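Undergrad: Residue numbers (the working numbering), protein chains in the order written: chain A, 1 to 111; chain B, 1 to 161.
I should point out that these hints are in silico values taken from the structure, not numbers from a laboratory. Please note that a few of the clues may not be correct.
What the hints assert, rightly or not - Here are the simulated distance ranges between beta carbons: (1) A:90 x B:28: 35 to 43 Å; (2) A:20 x B:99: 55 to 63 Å; (3) B:55 x A:70: 32 to 40 Å; (4) A:99 x B:29: 35 to 43 Å; (5) B:19 x A:94: 35 to 43 Å; (6) B:145 x A:109: 55 to 63 Å; (7) B:26 x A:39: 54 to 62 Å; (8) A:65 x B:56: 26 to 34 Å.
Remember, it's a predicted structure, so these values are computed and weren't measured experimentally. Where is the CB? At the ideal position from N, CA and C, for every residue including glycine.
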Amino acid sequence: MSHREFLGEFEQTVLLAILQLGEHAYAPDVAKHLEKSIDRSVSRGALYSCLNQLERKGLLRWRREEPTPDRGGHARRFYNVTARGVRSLRASREGVMILWQGLEGILGRAK
Amino acid sequence: MNLVLPHDPMRDAIVGDLHEEYLGDIARVGRRSAQRRYWLRAAGVVAHAASDFMRWRSWVSTTPPADAAAASNGMSLARVREIGSDAGFIVLALGVIAFGVVANIVMFAATQGPATPVANAAPALTAPGIAGIVLLVGCAAIAAVILCTGPRWRRRHIRSA
Numbered sequence: 001m002s003h004r005e006f007l008g009e010f011e012q013t014v015l016l017a018i019l020q021l022g023e024h025a026y027a028p029d030v031a032k033h034l035e036k037s038i039d040r041s042v043s044r045g046a047l048y049s050c051l052n053q054l055e056r057k058g059l060l061r062w063r064r065e066e067p068t069p070d071r072g073g074h075a076r077r078f079y080n081v082t083a084r085g086v087r088s089l090r091a092s093r094e095g096v097m098i099l100w101q102g103l104e105g106i107l108g109r110a111k
Numbered sequence: 001m002n003l004v005l006p007h008d009p010m011r012d013a014i015v016g017d018l019h020e021e022y023l024g025d026i027a028r029v030g031r032r033s034a035q036r037r038y039w040l041r042a043a044g045v046v047a048h049a050a051s052d053f054m055r056w057r058s059w060v061s062t063t064p065p066a067d068a069a070a071a072s073n074g075m076s077l078a079r080v081r082e083i084g085s086d087a088g089f090i091v092l093a094l095g096v097i098a099f100g101v102v103a104n105i106v107m108f109a110a111t112q113g114p115a116t117p118v119a120n121a122a123p124a125l126t127a128p129g130i131a132g133i134v135l136l137v138g139c140a141a142i143a144a145v146i147l148c149t150g151p152r153w154r155r156r157h158i159r160s161a
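Assemble the whole structure, with the sequences as input and the hints as a guide.
TA: What follows is the structure, encoded as structure tokens:
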């Protein structure tokens, strides 16, 4: 039995968005990035729930920025993907790629 | 939001994010639309947090920086729930309750049971006897096993999800 850790579809998109945003990825930016790049409306509740789960799985880590007045005195929380998160993304991609193989005739080639 | 979310840096960040987005929305779409969006987002956050809370997935930071440890010392419903999910705490609590129940029954049986034959005793004063004690201890033991293995099972389930 395989011990690979596969990710859910939303978890994958959130991790990929955080990787694309780089060092300054925080929740509203992740949501906006997903809305712009894949035209997917993201519920803030679902996003925070997902971030919490990814953090608990050890796929994300966070750091805190000092509170600023434009945030009502609340700190900002930036996310980074951990090495384990990158490994999980690779494993998920490999798993999906295996399933995609041989289906070009039905589904067509990727753009 | 303070009721649903635990006192944690994550709550601070969520409130700040909502505030920041609200200010951005005011500039873009006006105050009324911004207010509507703010409340929709806040309601979504509360709904998801409550849903996760029911599934023992409190929004508590797992890798807090040094200053977060002090911030998370505050007591909240979620914190109580977290303590309740600790197997050691459950064993201790059940042990204390079981001891209290058994001690009460034993004292009652010792003072009322032997002195008054069951056939002649008033129904309200009838002691449960050894069978009742065994039944209660058995129930407490079964409850302890279920509650002790439950949180572990949930943690395994969360890890494997």
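Undergrad: Each of the hints needs a verdict: does it hold here or not?
TA: Checked hints:
About 38 Å separates the C-beta atoms of residue 90 of chain A and residue 28 of chain B, a value consistent with the hinted range of 35 to 43 Å. Between residue 20 of chain A and residue 99 of chain B the C-beta distance comes to about 58 Å, which sits within the given range of 55 to 63 Å. A beta carbon spacing of about 34 Å between residue 55 of chain B and residue 70 of chain A agrees with the range 32 to 40 Å that was offered as a hint. In this structure the hint that residue 99 of chain A and residue 29 of chain B lie 35 to 43 Å apart at CB holds, the actual value being about 42 Å.
Roughly 41 Å separates the CB atoms of residue 19 of chain B and residue 94 of chain A, a value that falls within the hinted 35 to 43 Å. A beta carbon spacing of about 56 Å between residue 145 of chain B and residue 109 of chain A agrees with the range 55 to 63 Å that was offered as a hint. Our hint of 54 to 62 Å for residue 26 of chain B and residue 39 of chain A is violated, since their Cβ atoms are close to 25 Å apart. One distance hint, 26 to 34 Å for the beta-carbon pair residue 65 of chain A and residue 56 of chain B, holds here, with the actual separation near 30 Å.
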